[in-house]
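So the protein sequences, as listed, match chains A and B.
Heads up: the first sequence is residues 341 to 624, going by our numbering.
Heads up: the second sequence is residues 166 to 532, going by our numbering.
Please keep in mind that the hints were generated in silico from the structure rather than gathered at the bench.
Given the structure is predicted, the values throughout are model-derived calculations rather than measurements.
Note that CB positions come from ideal geometry on N, CA and C, so glycine has one too.
Treat the hints with care, since some could be wrong.
[To be verified] If the Cβ cut is set under 7 Å, some of the chain B residues that face chain A in the computed set are:
(1) PHE223
(2) ASN244
(3) PRO247
(4) ASN249
(5) MET250
(6) PHE252
(7) ALA256
(8) HIS260
(9) GLN365
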Amino acid sequence: MAGLKSLLGLSRDESIGPLDYGRRWWMRLIVGLTFLFLYAPIVVLIAYSFNDSRRNIVWLGFTTDWYVKAFNNDSLLTAFANSLTIALVNTVFSVILGTLTALLLWRFRFPGRPVYEGAVALPIVIPEICMGVAMMAFFAWIGWPNDLPWPISLTNIIIAHVAFSFPFVAVIVRARLAGFNRELEDAAKDLGATEWRTLIDIVVPYLRPGLIAGALIAFTLSLDDFVITFFTAGPDTITLPVKIFSMVRFSVTPEVNAASTVLIVITVITTVIAMRLQNINKPG
Amino acid sequence: MSDSRSDAIIQIQGVTKRFGEVTAVERVDLDIRAGEFFALLGPSGCGKTTLLRMLAGFEQPSDGRILIGGQDMTGVQPNHRPVNMVFQSYAVFPHMTVFDNVAYGLKVVGTARGEIRPRVEEALAMVQLEDYGSRKPDQLSGGQRQRVALARALVKRPKVLLLDEPLSALDAKLREAMQLELVRLQHSVGITFVIVTHDQDEALSMADRIAVMQDGHVRQVADPQTLYEYPSGRFVADFIGKMNLFEGRVAASDATALAVEVEGLGRIELPPDGQAPGAGQPVGIAVRPEKVELFRKAPPEGSVARRGTVAQVAYYGDVSYVFLDLEDGPSLNATVQNADRAAEPYFTKGETLWAAWNPNDFLVLGE
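Isolated chain B (complex conformation) (with noise of 0.2 Å):
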């Protein structure tokens, strides 16, 4: 009964903490399985980090367990579990050279010491700092000392390797740079990652699957695309990239179809979905912004089009914003690939277009 699942490394299992009058996290199931990239998404004050710190062993769960390689954790201290982390800060310790940090975990717990040098030089290596050894912490910029967290957590050989923001405190060319590197030390190490990040494309670029955390509770479980194109409910599709949302009310519900009158849209007509709630029901329907074509002449049939005025231009190089005032009143956003360097004109501010797209990408959000 110990291993319900065999491929669960993890199993959270109605986890709740509470400190205090604060419930942190509440009432969490969670498995996460051996060998993945595993990202605990949600905005500070989640409880994802709670939830992170209770699979390190730093906080106990208030209720319910957690099975790490189908052990009950419950009650052991963080130097007893096949867990490493990788913290915020580092920790990196200042007083000892790159060699000795990453020793430490291997001196402290008795390994021979003939064991201890190939193993800190391997630990190096994986992450390039093999020439570093002797130097000092203060003698490092920011991401070596990161590598210099993730080698002395790899080098105890862990079954799960825990990161605590990893990347937040590098700027945005290294944070890059370090996705990918972390990727690709997952692959090639095997050992399951749990990262924690309130940055949502650094989950959806490195995880295998995501959970999203809102206020202590676990939103949505799921892979990057599933998570992006069907968000389960308007907490995820929101805090998931960009969205255009709309507030309507449902005009028919049945097996065949499905209508929607939407404040300043009109009735729009969506392919029939069993789970949408029944005629005269509030719901949200929302579309995300390069999902929206941008037309100057009529769009083809069958696609949803309204006319608006272009009220701003946000140029990225790469893409553009172009945020529109619809007709009959709601704004919308359309995000245009500047695919061709020749295309002109570009869509300039206060220009009458057609802003066009396909039914079928509509999410349907109760409340």
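In isolation and in its complexed conformation, chain A is listed as follows (with noise of 0.2 Å):
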């Protein structure tokens, strides 16, 4: 009993300190609900996925089912091939000109500087929805075509992906940069380099880490997104979250729930896999 006392941090008579809070029952109950008012919601979806009936309110077996359906789900399928060719398209994009756009306010000091830097941030705050009716508008403006081949359908909804997506490389490889000792350049220059081969053999290598992890952004920012997309879709051109989003309307079925399930595991992964690399980011 004194036993199970301790371990949930019950018995007072022992001294605590500043870093010990972590051992105060009031301070585990915090954490778990907080825990469970984020979590909650998306373990249900992932479990009822694996629920053996048509509705999600009842738990009536554990079953498969759901992914098979989801698997033999043409347009589904189509959706999501949609979704990795933009999201791949879009991440190599982004991270060329964010990479681009981050040396050149680094390097260069030149007239109106700060408004620039502003501006390239500005897709980051401006409202989603913004983004996607203004989207569809300028499209609508120029008069894009909207019986194109595919994936030559899909140009304009990577470009719309671009567009938001790369300020976010910028943010990552600039932060990355604030840490590069200029001496570096400047030896491999002195070596005999010239600037490309500079940029190739020295910066490059050493920007890596936050050139992946902002990939990884860019890619899973790209492969969510739902409002920018909804607005620049056409009919042939669905992705997944508009596919579930559609599928939804009709009604809740596990088989949502499954699909929902999948996107979320490759978004997982791939934030995991980002996180890790910003924190090799770290000076040292």
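Take the two lone chains and join them into the complex the hints point to.
Structure (structure tokens):
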């Protein structure tokens, strides 16, 4: 009994150091409730994706049928293929554009630089719904054709995604560059390297963790974006989040749960990798 | 006309460097001879690093020109100059092994593959890092990283090796060892070394010649001994070593005699000096602390002697600094060698002594 009490931090006779508050029962309660608040809906979603029932209300037994059904749903698979294609192409362009932006802002002083820097960060703070409407209006205004063959038909969604994800890459790469020792660059030039060789041999290897982290962020942002995609997608260019939304409008079946779970798993994996690489970013 | 002095490997001709409103280097003329160990010495902000960066090509002079090996370097980029640099932070490439760091400068200019390995190994042997080729920089100590930076520059066989405060990041013991090692290395490779430092001991102990800089100007260029014993002005006298400086006024100055009336010391007769200012002019006279001798009895004839009270004694083991308050006001610093272990008693606070020095050891410094 005493052992259980001390395990829960209930015994008050021991003094507690400033970093030992994790042993207070009320502290553990708050942490527990926070996690419950954050993750209960997701846990329920995942749990019901294995529910042997057409409805998401009563638990009737374990099954993986909904995953099989989801993988046999052609329109769901098409949407998934669209999402992956868009995410991959977006990642490539966002990394290149974001890195160049970061290098420009880090390397050069020019009139209007603070304005430019602010303008680049704007897509991060602008409400997504505004970005979405703006993108839709923009493509309508320039008369973007709707009848292009796949995968060219995805181009306008990709453009929209690059527009909101490259600033994130720029911010990450910029943070990495802040710790760069300029003498490394001077040293390479001193040893005979041109500007280009210095960039490829010295700066890019230094930036690599930032580039990978930026790429994964761009990938996840694009993969699970709904709002902006919803406004730019045509009838033949549905992505997975948009598809799931349209499925929900008819009925919430565990098939939707299964598709959502797949999306969650992919997002979590890439985010974890991105966070780990961010930690490598720390100077030292 | 490109090479006026055959032994000058670097000719700096009327070089000025301005950064906006600030003039970092102003009308500097300097010849650095082939094979010499040359130091640019000065306090921070004196322009010495800017001058070095202009030699390396990272900055272009606003005015004037620099010749290296007789070639005008105006507009020549750093990667095309026959000089290499050891950076203050060493700038060892963190993602490359020691071997790849040293090999980089050869690879990047397309040196034949077969030639790279022996040259890198030779350079690593030169700095005693033969067995460290496969290590990454984060597995090296500060001293070892500096050796990598040295090997990486020397493997290029530059005409001139530039060193920017190379020892400032090392601890005192290692710094002393590296001073000796750099001199040894310079002798063995025969390459001209130009070192930037703010540490006078470093410059005096290593360099063949030193340029002392202040506020963008070169104040004096001389070998260490001349610089120490015959500084050209107040700044150099004060910056190099320790100095007792007294303000006075010239009482008499001609071909046969020089006399200065010094506040608190009275009239002092000095050997004639053709360059001394005329009678009535304000002048500073200075004497190095180690040239002041302390006596408990009356000092020998012919020296300048004054009585004073010991205000403080700073004991450093090899030497002691004795701070005296002279009877007539000014204070005086004397350095005493603790050569005799049994000598006692040591000078103690409050003791009254004679301080004496040879009039020949006085430096006369104009405004």
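Which hints from the list above does the structure break, by number from lowest to highest?
-> Violated: hints 3 and 9.
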